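These protein sequence lines map, in sequence, to chains W and A. Start counting the first sequence at 1; every next residue gets the next number (full-length UniProt numbering). Start counting the second sequence at 1; every next residue gets the next number (full-length UniProt numbering).
No wet-lab data here; the hints were simulated from the structure. Misleading hints may appear alongside valid ones.
Computed beta-carbon distance windows for the label pairs [as the list claims (entries may be wrong)]: (1) A:G243 to W:R134: 17 to 27 Å; (2) A:K294 to W:G250: 27 to 37 Å; (3) W:I313 to A:Q141: 46 to 56 Å; (4) A:K205 to W:N226: 48 to 58 Å.
DMTMM-like cross-link-like pairs, simulated, lysine to aspartate or glutamate; straight-line CA separation at most 20 Å [to be verified]: (5) W:K14 to A:E88; (6) A:K132 to A:D160; (7) A:K128 to W:E62; (8) W:K135 to A:E88.
Computed from a prediction, not measured in an experiment: that's the story for all the values here. Even glycine gets a Cβ: it sits at the ideal position worked out from N, Cα and C.
Below, each chain spelled out in residue letters.
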Amino acid sequence: MIPFPNSGFVFLKKLMIRVGGACLVLFAAATLTFITLHLAPGDPVTAILGGSANPTPETIREIREEYGLDQPLMVQYALHIWHVLSGHLGASFSQHMPVTDVLWQQAPPTLKLMLSSLVLAWGFAVLSVTLSARKPFFDSAFSSLETFFAGLPQFWIGIILLWLFAYQLGLLPPAGTHGFLSLILPSLSLAIPLGGFLAQVMRESFKTTLDQPFVLTARARGLSDNAVRFRHVLRHALLPGVSLSTWAVGALVGNAVAVEFIFSRQGLGRQLFLAVSMHDMPLVTGIILFISVVYILASFLADILYVIVDPRIQEARA
Amino acid sequence: MNAFSDTSQSGLSVKNLSVTFSSGGVSHIAVHSLSFSLTPGEVVALVGESGSGKTVTARALLGLSGPHAQITADHLSLNGRSLLANTEQQWRKIRGAEIGFILQDALVALDPLRSIGTEITEALTAHKWGTKNTREDRVLQLLTQAGIPLAKERVHLRADQLSGGLRQRALIASALAMNPPFLIADEPTTALDPSVQVQILELLKQLRAAGHGILIISHDLGFVSRLADRVIVMHHGHMIEEGRTADLLSAPRHSYTRRLLDAEPGRRPPRPPALARQTALPLLEAHNLSFSIKQQDGTRKHIVQDISLSLFPGRTLALIGESGSGKTSTARMIMGFQKPETGFIDFLGEPWSRSEKAGVPESARRGRRPRLAAIYQDPLSSFDPRWTVQTILDDALSVIHVPKQERMTRIRALLDQVRLPDTLLSKNPLLLSGGQRQRVAIARTLAVEPSVILCDEPVSALDVSVQAQILDLLDDLQKRLRLSYLFISHDLNVVRNIADDLIVMQHGRIIESGTAQDVLTHPRHPFTQELVAAAHLIGDATSSLPS
Chain W
1 MIPFPNSGFV FLKKLMIRVG GACLVLFAAA TLTFITLHLA PGDPVTAILG GSANPTPETI
61 REIREEYGLD QPLMVQYALH IWHVLSGHLG ASFSQHMPVT DVLWQQAPPT LKLMLSSLVL
121 AWGFAVLSVT LSARKPFFDS AFSSLETFFA GLPQFWIGII LLWLFAYQLG LLPPAGTHGF
181 LSLILPSLSL AIPLGGFLAQ VMRESFKTTL DQPFVLTARA RGLSDNAVRF RHVLRHALLP
241 GVSLSTWAVG ALVGNAVAVE FIFSRQGLGR QLFLAVSMHD MPLVTGIILF ISVVYILASF
301 LADILYVIVD PRIQEARA
Chain A
1 MNAFSDTSQS GLSVKNLSVT FSSGGVSHIA VHSLSFSLTP GEVVALVGES GSGKTVTARA
61 LLGLSGPHAQ ITADHLSLNG RSLLANTEQQ WRKIRGAEIG FILQDALVAL DPLRSIGTEI
121 TEALTAHKWG TKNTREDRVL QLLTQAGIPL AKERVHLRAD QLSGGLRQRA LIASALAMNP
181 PFLIADEPTT ALDPSVQVQI LELLKQLRAA GHGILIISHD LGFVSRLADR VIVMHHGHMI
241 EEGRTADLLS APRHSYTRRL LDAEPGRRPP RPPALARQTA LPLLEAHNLS FSIKQQDGTR
301 KHIVQDISLS LFPGRTLALI GESGSGKTST ARMIMGFQKP ETGFIDFLGE PWSRSEKAGV
361 PESARRGRRP RLAAIYQDPL SSFDPRWTVQ TILDDALSVI HVPKQERMTR IRALLDQVRL
421 PDTLLSKNPL LLSGGQRQRV AIARTLAVEP SVILCDEPVS ALDVSVQAQI LDLLDDLQKR
481 LRLSYLFISH DLNVVRNIAD DLIVMQHGRI IESGTAQDVL THPRHPFTQE LVAAAHLIGD
541 ATSSLPS
């Protein structure tokens with residue numbers, strides 16, 4: 001299946017529109033970061049000095065000049081945007097190393113966490129919906145379970161899982177960033193509420209689709225109930241799940257802050273929190289831009305998935 | 001060639017079949033002791049209106065009645081084997097392989113996300129038939145057999161990329177994949193255009209000639225009469241009458257069968273020719289309307305080209321054509337929902353819609369909006385499901401600023417006009433029958449005191465006997481209130497009952513127009529001739545019977 005079977009020109013035009021849109025999103029993200037950080041109380045100089053005792057007024061002035069902090073706000077903003085545009089993310093005040101190095105270090109554990117949470121959430125949602133929407137009793141039981149899951153806060157799940165599996169049962173490591181085992185509990189903390197959400201939005205379309213005439217036709221061909229569910233009905237229920245997953249990619253980073261703290265993991269969430277509290281402007285900008293890029297890629301991927309799941313969308317868009 | 005005639009006990013045999021649905025302690029008997037048999041090369045029709053139990057019967061024969069159904073019978077067997085104690089596994093071996101199943105409207109009866117090729121292949125893989133290569137060949141062979149030209153190019157298309165006739169053929173091909181000796185066809189032509197209905201009818205005849213035993217489920221006695229050897233009439237789950245088609249149609253014994261026959265639109269008397277066209281000015285005039293849409297490759301597709309029409313007080317103008325002929329787009333322009341690309345529309349002597357850039361602003365139309373109302377095929381989707389009949393009508397009256405204290409009297413008068421009892425006032429439209437819903441929709445339309453009502457396929461979704469009642473009601477209201485109807489339909493038999501003037505559309509153009517009587521008795525354009533022939537073929541229940 002080719003998602004974009006159009007002529008080259010149309011494809012190029014669409015691509016340009018998407019790239020243009022992506023640039024706008026990045027620009028907005030950089031601007032918002034700048035505004036928010038300047039509205040927040042605190043002084044970046046403290047972060048740059050890294051807690052060294054009693055800086056003299058001269059040191060402070062020197063640092064202000066060096067980092068351009070003495071300039072008027074508009075100039076600072078222009079410089080900030082210029083740096084972002086030219087790809088110079090600069091050096092982190094608090095970590096005293098290039099922002100790209102920090103990203104390089106911290107992004108992989110977070111991306112791994114997000115990916116495994118998404119996979120777990122989808123696995124739960126698909127199985128729960130496909131297998132339980134059968135008898136009214138199971139249907140409502142699983143539907144309630146999903147609602148319950150969707151309502152649980154990630155940090156609470158994290159603490160409970162930590163207490164049960166790490167401290168009481170001693171099955172899984174309580175903390176760390178390395179190895180597959182250390183990924184299980186944090187992923188579950190993020191995946192359980194997301195899986196509940198996904199299942200809820202998919203269940204409705206799944207049940208509507210079960211009543212469609214083509215499902216009856218498929219059964220009348222001699223297909224088994226499971227074949228009907230997985231080969232025909234499920235595909236119709238995927239689209240709302242795909243839309244929700246784009247949103248989830250953004251939400252997962254936010255929720256990763258708490259989870260990375262609880263499980264003492266390295267990662268962007270934890271780093272973002274530290275950077276904000278330290279007023280580390282370049283690092284915050286770098287992380288936010290990185291997350292924006294991930295989000296843009298995710299929504300691009302979702303668009304391709306839409307067309308693969310439902311080829312009619314492609315024709316309707318033209 | 002009769003491939004299935006060699007078995008001694010061949011056939012589907014049903015004796016005293018009853019189907020009961022129970023949920024929450026309440027049980028409802030959908031089918032009462034039904035008995036019949038079907039042998040290869042024979043066509044048996046189950047005829048009845050909605051709720052008669054015909055579809056429930058069809059599903060019971062495939063073991064697809066669902067978990068709430070209880071099936072009892074003295075005897076339910078296929079070629080001598082009893083099906084009553086079948087496990088799900090055993091049923092699956094029968095479905096598709098021994099009994100094929102065809103539903104109405106392939107657009108929803110085939111998976112809209114998959115190609116027809118995938119769907120047909122699945123019917124083969126479900127029974128572990130052949131290898132990948134032989135299956136590919138078999139699919140092409142089936143499509144060709146079902147009358148789909150260029151099968152090789154079309155096998156990758158989805159149902160929505162095919163015309164109505166071709167996709168219905170694809171659906172039939174998928175039911176025939178394992179060459180089942182028996183076929184159950186549940187309303188196989190109901191949603192199709194008349195000319196396509198005739199094609200499918202021919203295809204089913206060929207299948208009978210090839211030795212398939214076919215059980216046709218239909219509400220349409222006329223259609224069935226062209227195909228069935230025997231007819232079973234059902235009403236509220238009971239078999240009312242059974243017999244050879246010719247006997248049953250020429251001498252129905254039961255009064256219900258007679259009523260059904262009389263309600264056939266083709267058998268109802270045509271509308272008497274109206275008095276000569278009034279000298280009065282037209283209420284609504286449309287001149288040279290055109291409309292096109294931009295396609296994927298940048299060219300424009302003409303949907304409507306150069307349509308002109310005039311609507312006079314107290315007369316009905318019918319717009320007839322098959323799906324895709326531009327009827328609906330014309331209706332949207334006339335309602336003022338879509339600006340025409342060329343041409344103009346005047347309503348009540350003033351500009352209503354203009355193709356020019358400035359057009360006519362909605363504010364200029366608003367005062368006249370209540371005078372132009374519309375009724376649609378499916379009234380349910382145009383009602384707020386939480387409202388009652390009373391709130392629906394009350395809301396309509398508030399549009400024309402009827403004072404609150406007068407509304408109740410007006411609401412009762414409206415219900416009286418559409419011959420509905422007051423007791424329905426507190427009911428939700430969901431709880432009403434199809435005919436009652438359409439009456440509520442008509443009452444709501446009348447509430448704003450229109451001069452012109454656009455009727456867009458208003459009876460297409462209704463049972464024939466209800467169709468007849470609604471058409472009579474519309475006719476009666478027209479006489480009393482001097483309404484003008486613009487009646488859009490694909491069904492020539494329905495139009496015959498109601499139209500004074502007729503416009504036939506094809507590919508967005510008017511190909512023929514004139515008084516209804518003229519056009520129907522002396523159609524000039526080949527397409528109109530074909531339509532008239534198809535209408536006779538389908539609608540005329542007694543004149544021509546299977547040989």
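Task: Violations among the numbered hints, reported as their numbers in ascending order - done: 1, 3, 4, 5, 6 and 7
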